[in-house]
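Heads up: the sequence lines are chains A and B, in that order.
Positions in the first sequence are counted from 1; adding 43 to them yields my numbering.
Positions in the second sequence are counted from 1; adding 43 to them yields my numbering.
Think of the hints as simulated: they come from the structure by calculation, not from any bench.
One or more of the hints may lead you astray.
It does not matter which identical chain is meant; a pair holds if it fits inside one copy or across any two.
Said to hold, decoys possible - No more than 27 Å apart at the CA atoms, straight line, and that leaves these computed lysine-lysine pairs for DSS-like:
(1) Lys169 / Lys252
(2) Lys377 / Lys293
(3) Lys286 / Lys319
(4) Lys365 / Lys259
(5) Lys293 / Lys91
(6) Lys579 / Lys252
(7) Lys319 / Lys377
(8) Lys88 / Lys252
(9) Lys91 / Lys500
(10) Lys169 / Lys98
(11) Lys286 / Lys148
(12) Lys505 / Lys146
(13) Lys377 / Lys286
(14) Lys148 / Lys500
(15) Lys307 / Lys139
No experiment lies behind these values; they were computed from the predicted model shown.
Protein chains: 2
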Amino acid sequence: MDTIFYNGMIRTQDNAYPACSAVAVKGGVIMRLGCDEEILPLAGKNTKTVDLAGKLMLPGFIDTHLHMLNYIEFLEQVNLSEARSLRQVQELCAAKVGQAAEKGKWLGGVSFNQDHWEVPQMPTRKDLDAISQDVPIVIRRACFNMSVVNTKGMEMLGIMGEREGLTQMLLGFYDDGTPNGIIRQHSQDILAKAVTIPALEDIKEMILKACAHMAKQGITSVHSEDYINYAVDSSELIARAYKELAAEGKLPLRVYQQCAFRTKEQLEAFLATENKPGAEFGRYKIGPLKVFEDGALGARTACLKDGYLNDPGKKGILIHPKEELYELFATAHKNGMQIATHCIGDEALDVTMDAYERVMNEYPRVDPRHGIIHCQLMTCGQQERFRQLNIIGYVQPVFIESDMNIVDDCVGSDLAKQSYNWRAYIDMGVHISGSSDCPVEAFDILPNICYCVTRSKKDGSKTWYPENGITIDEAVRMFTLEGAYASFEEAVKGSITVGKYADLVVVDRDIYQIEPGEIQDAQVLMTVVNGEIIYKR
Amino acid sequence: MDTIFYNGMIRTQDNAYPACSAVAVKGGVIMRLGCDEEILPLAGKNTKTVDLAGKLMLPGFIDTHLHMLNYIEFLEQVNLSEARSLRQVQELCAAKVGQAAEKGKWLGGVSFNQDHWEVPQMPTRKDLDAISQDVPIVIRRACFNMSVVNTKGMEMLGIMGEREGLTQMLLGFYDDGTPNGIIRQHSQDILAKAVTIPALEDIKEMILKACAHMAKQGITSVHSEDYINYAVDSSELIARAYKELAAEGKLPLRVYQQCAFRTKEQLEAFLATENKPGAEFGRYKIGPLKVFEDGALGARTACLKDGYLNDPGKKGILIHPKEELYELFATAHKNGMQIATHCIGDEALDVTMDAYERVMNEYPRVDPRHGIIHCQLMTCGQQERFRQLNIIGYVQPVFIESDMNIVDDCVGSDLAKQSYNWRAYIDMGVHISGSSDCPVEAFDILPNICYCVTRSKKDGSKTWYPENGITIDEAVRMFTLEGAYASFEEAVKGSITVGKYADLVVVDRDIYQIEPGEIQDAQVLMTVVNGEIIYKR
Ligand SMILES: [Zn+2]
Ligand SMILES: [Zn+2]
Numbered sequence: 044m045d046t047i048f049y050n051g052m053i054r055t056q057d058n059a060y061p062a063c064s065a066v067a068v069k070g071g072v073i074m075r076l077g078c079d080e081e082i083l084p085l086a087g088k089n090t091k092t093v094d095l096a097g098k099l100m101l102p103g104f105i106d107t108h109l110h111m112l113n114y115i116e117f118l119e120q121v122n123l124s125e126a127r128s129l130r131q132v133q134e135l136c137a138a139k140v141g142q143a144a145e146k147g148k149w150l151g152g153v154s155f156n157q158d159h160w161e162v163p164q165m166p167t168r169k170d171l172d173a174i175s176q177d178v179p180i181v182i183r184r185a186c187f188n189m190s191v192v193n194t195k196g197m198e199m200l201g202i203m204g205e206r207e208g209l210t211q212m213l214l215g216f217y218d219d220g221t222p223n224g225i226i227r228q229h230s231q232d233i234l235a236k237a238v239t240i241p242a243l244e245d246i247k248e249m250i251l252k253a254c255a256h257m258a259k260q261g262i263t264s265v266h267s268e269d270y271i272n273y274a275v276d277s278s279e280l281i282a283r284a285y286k287e288l289a290a291e292g293k294l295p296l297r298v299y300q301q302c303a304f305r306t307k308e309q310l311e312a313f314l315a316t317e318n319k320p321g322a323e324f325g326r327y328k329i330g331p332l333k334v335f336e337d338g339a340l341g342a343r344t345a346c347l348k349d350g351y352l353n354d355p356g357k358k359g360i361l362i363h364p365k366e367e368l369y370e371l372f373a374t375a376h377k378n379g380m381q382i383a384t385h386c387i388g389d390e391a392l393d394v395t396m397d398a399y400e401r402v403m404n405e406y407p408r409v410d411p412r413h414g415i416i417h418c419q420l421m422t423c424g425q426q427e428r429f430r431q432l433n434i435i436g437y438v439q440p441v442f443i444e445s446d447m448n449i450v451d452d453c454v455g456s457d458l459a460k461q462s463y464n465w466r467a468y469i470d471m472g473v474h475i476s477g478s479s480d481c482p483v484e485a486f487d488i489l490p491n492i493c494y495c496v497t498r499s500k501k502d503g504s505k506t507w508y509p510e511n512g513i514t515i516d517e518a519v520r521m522f523t524l525e526g527a528y529a530s531f532e533e534a535v536k537g538s539i540t541v542g543k544y545a546d547l548v549v550v551d552r553d554i555y556q557i558e559p560g561e562i563q564d565a566q567v568l569m570t571v572v573n574g575e576i577i578y579k580r
Numbered sequence: 044m045d046t047i048f049y050n051g052m053i054r055t056q057d058n059a060y061p062a063c064s065a066v067a068v069k070g071g072v073i074m075r076l077g078c079d080e081e082i083l084p085l086a087g088k089n090t091k092t093v094d095l096a097g098k099l100m101l102p103g104f105i106d107t108h109l110h111m112l113n114y115i116e117f118l119e120q121v122n123l124s125e126a127r128s129l130r131q132v133q134e135l136c137a138a139k140v141g142q143a144a145e146k147g148k149w150l151g152g153v154s155f156n157q158d159h160w161e162v163p164q165m166p167t168r169k170d171l172d173a174i175s176q177d178v179p180i181v182i183r184r185a186c187f188n189m190s191v192v193n194t195k196g197m198e199m200l201g202i203m204g205e206r207e208g209l210t211q212m213l214l215g216f217y218d219d220g221t222p223n224g225i226i227r228q229h230s231q232d233i234l235a236k237a238v239t240i241p242a243l244e245d246i247k248e249m250i251l252k253a254c255a256h257m258a259k260q261g262i263t264s265v266h267s268e269d270y271i272n273y274a275v276d277s278s279e280l281i282a283r284a285y286k287e288l289a290a291e292g293k294l295p296l297r298v299y300q301q302c303a304f305r306t307k308e309q310l311e312a313f314l315a316t317e318n319k320p321g322a323e324f325g326r327y328k329i330g331p332l333k334v335f336e337d338g339a340l341g342a343r344t345a346c347l348k349d350g351y352l353n354d355p356g357k358k359g360i361l362i363h364p365k366e367e368l369y370e371l372f373a374t375a376h377k378n379g380m381q382i383a384t385h386c387i388g389d390e391a392l393d394v395t396m397d398a399y400e401r402v403m404n405e406y407p408r409v410d411p412r413h414g415i416i417h418c419q420l421m422t423c424g425q426q427e428r429f430r431q432l433n434i435i436g437y438v439q440p441v442f443i444e445s446d447m448n449i450v451d452d453c454v455g456s457d458l459a460k461q462s463y464n465w466r467a468y469i470d471m472g473v474h475i476s477g478s479s480d481c482p483v484e485a486f487d488i489l490p491n492i493c494y495c496v497t498r499s500k501k502d503g504s505k506t507w508y509p510e511n512g513i514t515i516d517e518a519v520r521m522f523t524l525e526g527a528y529a530s531f532e533e534a535v536k537g538s539i540t541v542g543k544y545a546d547l548v549v550v551d552r553d554i555y556q557i558e559p560g561e562i563q564d565a566q567v568l569m570t571v572v573n574g575e576i577i578y579k580r
């Protein structure tokens, strides 16, 4: 054996053999499971033995939706997530404005969320002008669906002259009809002018940096969406960066690419290359077509059937009209490609489910595993539709930390209590995997697992429809075996089973035994991918 | 929808949705499951609706080990399975001897089993000379491991001159040292001289005939071993026959080929062609390397650690010496090929498990799913080894009908009660699938399921270690979902799940509700492959 981990509290997620204390690994594969007395004698003179000191070992965590490159870019920008007022946003930005001026770059701020402010009011262009009128500034909302630009920036983008009613762009306007600096949804593409696409080697470095950070959280596999990170289709460049790292043996994690494309033509061009659905390039695997069908709740762009109760007349937006969505889906589906669609509102969900049903009926094929990313607002009847069509869900438990503040106001408690209902999915036998949508939220898995169980805020100050919560074991499964299922890899990873990849995580306490509220405090001690320890605390 | 089956008692084998009354099918795929009220409205004007009249529908049956071509050849030979004396064997053969003489062919008899005779004595050459001294005659024991030839036949084979102690062949001898006509194990290869390998078109016809018969038993997928049916390696010819049928859209069932080869060189030559492990040619898929490692219990060639209690000094035979077995396994394993090995005795099992462990340790790879076909005699400790190495089992429940007469005598009750222990496999989480080994036994699935539950003889006259039996649901799983697992296809078949192939069977009574002993009387009413009704009673 290469390595034997022993003296552990190993919870396998394999119902056939749920727990043991030791695991023997060779050539990246789990070779044997058992008690220490059975496994330790398998050690040869070159076997490394690792004493787990009674700690909890789980299958390596799998995050099924995040944005790896975007996460790194976020690190280099002003983090506004902790700001609790417009004033604080201005102060945080002001501290970095000189630096941006020196480099001749835009000043970027990320992850603001006015819902957390003392006065929850959307900032506008003039608020940012107070920071600088000479340096272009853009701040992006935590949900990604909205950015605010200062006057200098708006001028540089060439949209300062737009007037309400005369533009096709999704801009916000002051009462006088001039732009207020708010740019919504895909209109944010214009901000590509404010960024420079990094060179291949820089992208490779960013990937490695992101992987190193994720390894600290016990993540061994990730589904990452990166192709339109720079607003334009950069699939060729980014796929090349991943493939080179994989070929060089440098990619520490297994990456399943969620391939975001906005048009059928872009997708067709992509599929005409070597990037066939499910194609594996070492640890880099071509995953589903990723489609956006609506926006976000905080930005009030999530598309709701009955509109926003707290913003009468507003219904949110549908990104792709029905026929266009169908064409995009049909192109992927006919080519044997999986599909994962961003839907937050119940109207977006219906439109997307209709399109799924249509392509599946028109071109029946086995085991497509199409899914809905986020799947937040919905009725029980809509959830039942997941079961009927065998659609999978990708949920972000951490979202409830802030969403529990606004959902009931936005849609009313009747719909709210049917929504984010992880309990119902599992009871119906619907496959749901867990994810962070990082950098929308941090990719820390253990706090995510905590939210699944407690349905409470971090500080315990509020619990939200706890009856929709799930057990700790179900929560762990969401971030392990169900994550593997989402990439058609449940036979080779997602549980600690003889014959699967040795992708493992060690946690500093047994999260099955402690108070659920304390799961968020648990720390990852060690992360193992393919039998190699890639992180140790 | 193409077809809607409704008003049924549908037991899905999908834990997430165990039962329903209606299933909608399109393009060969299960599109929707539900109650009649949900599913019937999906019917369009071209939809065929099939009233199941309250009958039981299950996933299509999967038989994971049989010999399709051999079965057809058996049909054309004298069936001796019902004979209860040597006299009856002679009478049954005598009735057909004229016909064989006319055609200038050998007279072949199959499936005799002297253990069922009034006087259970092995027949010899002179017993067959009483039928004819001019027409060559060969009769084969039900277990396949032994044949008996008359004097004319022995002369034509050129082995009448062999003497005890001077031949390498596994022959039987009279006290005077001359051959008694009994030919054992691989020495039966010489009987190839007695058969003619059919032409391609004839093989295709034989396959179609076998499939039609299997369809009547509700079989929708089969793992068939055919390559050395004519004693010599006929893999090229036989694979071609299957592939042509598949390409012509004529193959009614899904066939997973168990690729029997005797030598490493034959296997290497095979793998150098388009026949890569897991390669799919329509419904024909390249399956595991099939290896024989011992013989059979009735013929006393199954290899036992402690020998035959009722035949002191006899231990059975090992077909491949350890090193040769290892070389064969290593060739398959390194090429990514699954392996399935015939083992009946506990000694053969140890040797085979050792070789599996060695190749897996030396060349670790994920999810190999190597297995043991038959896996009859073993200790609890050996069964535990299935779990440790994640080895799968292929069991033939029907074998207990005759084996319960002899096992305790052969090996003693202590080993007997640990053997054929399906309960233990399932409790340990070991994957076991069900099969018939037809033409060794009939491929009727429902009687096989009955044996799983009752552990009793057909007529109820004896029950054998009933504590080793399993539940009806577990038994059905052995012949459905576990069968799919054995060919790496659990994601696309083996349960009635939206997105899987519409492979279905309808049975005339609810075998979950009736007296277990009556399960064997249940009849298949309808068999559906890929949404098409291929058999209807
Ligand atoms: Zn996202
Ligand atoms: Zn066989």
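Outcome of the hint check:
Taking the closest pair of Cα atoms, Lys169 and Lys252 never come within 27 Å of each other, the shortest separation being 36 Å inside a single copy and 82 Å across copies. Proximity of Lys377 and Lys293 under a CA criterion of 27 Å is satisfied inter-copy only: 25 Å between copies versus 34 Å inside one chain copy. Taking the closest pair of Cα atoms, Lys286 and Lys319 come within 27 Å of each other both inside a single copy (14 Å) and across two copies (26 Å). In this assembly of identical chains, Lys365 and Lys259 lie within 27 Å of each other by CA distance neither inside one copy nor across copies; the values are 42 Å within and 46 Å between.
Taking identical chains as interchangeable, the C-alpha atoms of Lys293 and Lys91 lie at most 27 Å apart only when both belong to the same chain, with a minimum of 22 Å there against 55 Å between chains. With identical chains, the CA atoms of Lys579 and Lys252 are at most 27 Å apart within one copy only, with a shortest distance of 16 Å there and 62 Å across copies. For the identical chains of this complex, Lys319 and Lys377 are neighbours both inside a copy (12 Å) and across copies (26 Å), given an alpha-carbon limit of 27 Å. Taking the closest pair of Cα atoms, Lys88 and Lys252 never come within 27 Å of each other, the shortest separation being 35 Å inside a single copy and 58 Å across copies.
In this assembly of identical chains, the alpha carbons of Lys91 and Lys500 never lie at most 27 Å apart, being 42 Å within a copy and 53 Å across copies at closest. Within a single copy, Lys169 and Lys98 get their C-alpha atoms no closer than 54 Å, and across copies no closer than 73 Å, so neither meets the 27 Å cut-off. Taking identical chains as interchangeable, the C-alpha atoms of Lys286 and Lys148 are never at most 27 Å apart, the minima being 30 Å within one chain and 63 Å between chains. For the homomeric pair Lys505 and Lys146, neither the shortest alpha-carbon distance inside one copy (44 Å) nor that between copies (90 Å) is at most 27 Å.
Proximity of Lys377 and Lys286 under a CA criterion of 27 Å is satisfied in both settings, with 25 Å inside one chain copy and 25 Å between copies. When the C-alpha separation of Lys148 and Lys500 is checked against a cutoff of 27 Å, the pair qualifies neither within a copy, at 38 Å, nor between copies, at 85 Å. For the identical chains of this complex, Lys307 and Lys139 are neighbours neither inside a copy (41 Å) nor across copies (69 Å), given an alpha-carbon limit of 27 Å.
In summary, the structure is inconsistent with hints 1, 4, 8, 9, 10, 11, 12, 14 and 15 from the numbered list given earlier, while agreeing with the others.
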